[in-house]
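**Student:** Read off the chains here:
Number of protein chains: 2
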Amino acid sequence: MLRLYDSRLSGNAWKVRILLTQLGLPFERVTLDLAKGATSDPAFRAKSRFARVPVLELEDGRTIVESAAIMFYLAEGTPLLPDDRFLRAEVMSWLTFEQADLLRALALPRFYHLRGIGDQMAGRIADFQEAAYPALQKAEAWLSTHDWLVDERYTIADIGLFGYVSMAHQGGYEMQRFPSIDAWIARVKAQPGWVSLVEEAKA
Amino acid sequence: MLRLYDSRLSGNAWKVRILLTQLGLPFERVTLDLAKGATSDPAFRAKSRFARVPVLELEDGRTIVESAAIMFYLAEGTPLLPDDRFLRAEVMSWLTFEQADLLRALALPRFYHLRGIGDQMAGRIADFQEAAYPALQKAEAWLSTHDWLVDERYTIADIGLFGYVSMAHQGGYEMQRFPSIDAWIARVKAQPGWVSLVEEAKA
Numbered sequence: 001m002l003r004l005y006d007s008r009l010s011g012n013a014w015k016v017r018i019l020l021t022q023l024g025l026p027f028e029r030v031t032l033d034l035a036k037g038a039t040s041d042p043a044f045r046a047k048s049r050f051a052r053v054p055v056l057e058l059e060d061g062r063t064i065v066e067s068a069a070i071m072f073y074l075a076e077g078t079p080l081l082p083d084d085r086f087l088r089a090e091v092m093s094w095l096t097f098e099q100a101d102l103l104r105a106l107a108l109p110r111f112y113h114l115r116g117i118g119d120q121m122a123g124r125i126a127d128f129q130e131a132a133y134p135a136l137q138k139a140e141a142w143l144s145t146h147d148w149l150v151d152e153r154y155t156i157a158d159i160g161l162f163g164y165v166s167m168a169h170q171g172g173y174e175m176q177r178f179p180s181i182d183a184w185i186a187r188v189k190a191q192p193g194w195v196s197l198v199e200e201a202k203a
Numbered sequence: 001m002l003r004l005y006d007s008r009l010s011g012n013a014w015k016v017r018i019l020l021t022q023l024g025l026p027f028e029r030v031t032l033d034l035a036k037g038a039t040s041d042p043a044f045r046a047k048s049r050f051a052r053v054p055v056l057e058l059e060d061g062r063t064i065v066e067s068a069a070i071m072f073y074l075a076e077g078t079p080l081l082p083d084d085r086f087l088r089a090e091v092m093s094w095l096t097f098e099q100a101d102l103l104r105a106l107a108l109p110r111f112y113h114l115r116g117i118g119d120q121m122a123g124r125i126a127d128f129q130e131a132a133y134p135a136l137q138k139a140e141a142w143l144s145t146h147d148w149l150v151d152e153r154y155t156i157a158d159i160g161l162f163g164y165v166s167m168a169h170q171g172g173y174e175m176q177r178f179p180s181i182d183a184w185i186a187r188v189k190a191q192p193g194w195v196s197l198v199e200e201a202k203a
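Order-wise, the sequence lines are chains A and B.
Taking the UniProt record's numbering, the leading residue of the first sequence gets 1, the next gets one more, and so forth.
Taking the UniProt record's numbering, the leading residue of the second sequence gets 1, the next gets one more, and so forth.
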């Protein structure tokens, strides 16, 4: 069975979990406790050359790291990744844009706030926001005229952008500036098989 | 003919130019003057949804943005991108690692120094270096036991990591800390068809 190493709050690992669920692939979930330094453990480092989650372990024991690489691997041959060479490049362009321009700038302010050190890190958060607001505006512009990022249908590009963008407000981002992103987030969440980051409390 | 929009000093565009040359693909080069705001021009924005270089324009007028996406597109079916699904994921993992962990942290200090505002931006440069040194150490660890990043041969993963890493010293990084990276940079530069960022002065 596939095995996914994740952590409770990693947005990158969440993307992979959404995809695995939507593809109907059974997997074992191994949730690491990052606060206890689980990613520094030599046994984990042997699976993850970048010492972080997510890691997908295949049935033969080989591992794949980096959420975009894992998603491309898993989605191959499914409706969530186009076969067409140009459209695949489109998917990859959104995935690398998110990793280069948004990932750290959205994830780290969220992390600082969750750890209660948002005030202490205010200067760094301001630097991140200065860089990320224009990038969010580019996504907003695209989504103001498109329902989805690529080929007018839901693909792994949407999952890749969705992860941290949907949690950006937790890092102090004023997401009400971006109504088209907001509407797209609702469309992503409405996709069959979508799963929340943390399980909702049972009623 | 393929057309590459680049700028004189963009490392991401340089990667594409190295690849096009090594693949023997004829292309027209359109070098934008970023200081004059060329990427804000509406005609260019129509080609580049993220308003930056590189952009690859295909013969039918469609454009591909983001260096990793362009490289995957161009290298398809060539020795510079493995056919095997797992190895392709390995390539992508290095390309996204570079974009997420190194690109901005290496490129922006370099930019500040080239513009003569390195002292003014010292605090921000220190933040970038704090984040990027551990990432460089991960690449160093890999390259201390491997000649190349993927499949023990030269691929677009190497080109992707090479671009900004080879220029990191221009941003004040002490690259003598990383002897295995240094040796790998020499191997990349020795590949047939490699081209320098700026043409060397003719003797």
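Be careful, since some hints might not be right.
When chains are identical, the list treats them as one kind, so a pair holds in a single copy or across two.
Capping the alpha-carbon separation at 27 Å, the derived lysine-lysine pairs in DSS-like fashion look like this [as the list claims (entries may be wrong)]:
(1) LYS189 - LYS36
(2) LYS47 - LYS189
(3) LYS138 - LYS36
(4) LYS138 - LYS47
It should be emphasised that the hints constitute simulated quantities derived from the structure, not laboratory data.
In this text, all values refer to a predicted model and were calculated from it rather than measured experimentally.
**Student:** For each hint given before, does the structure comply? Return the numbers of the non-compliant ones in rising order.
**Tutor:** 1, 2
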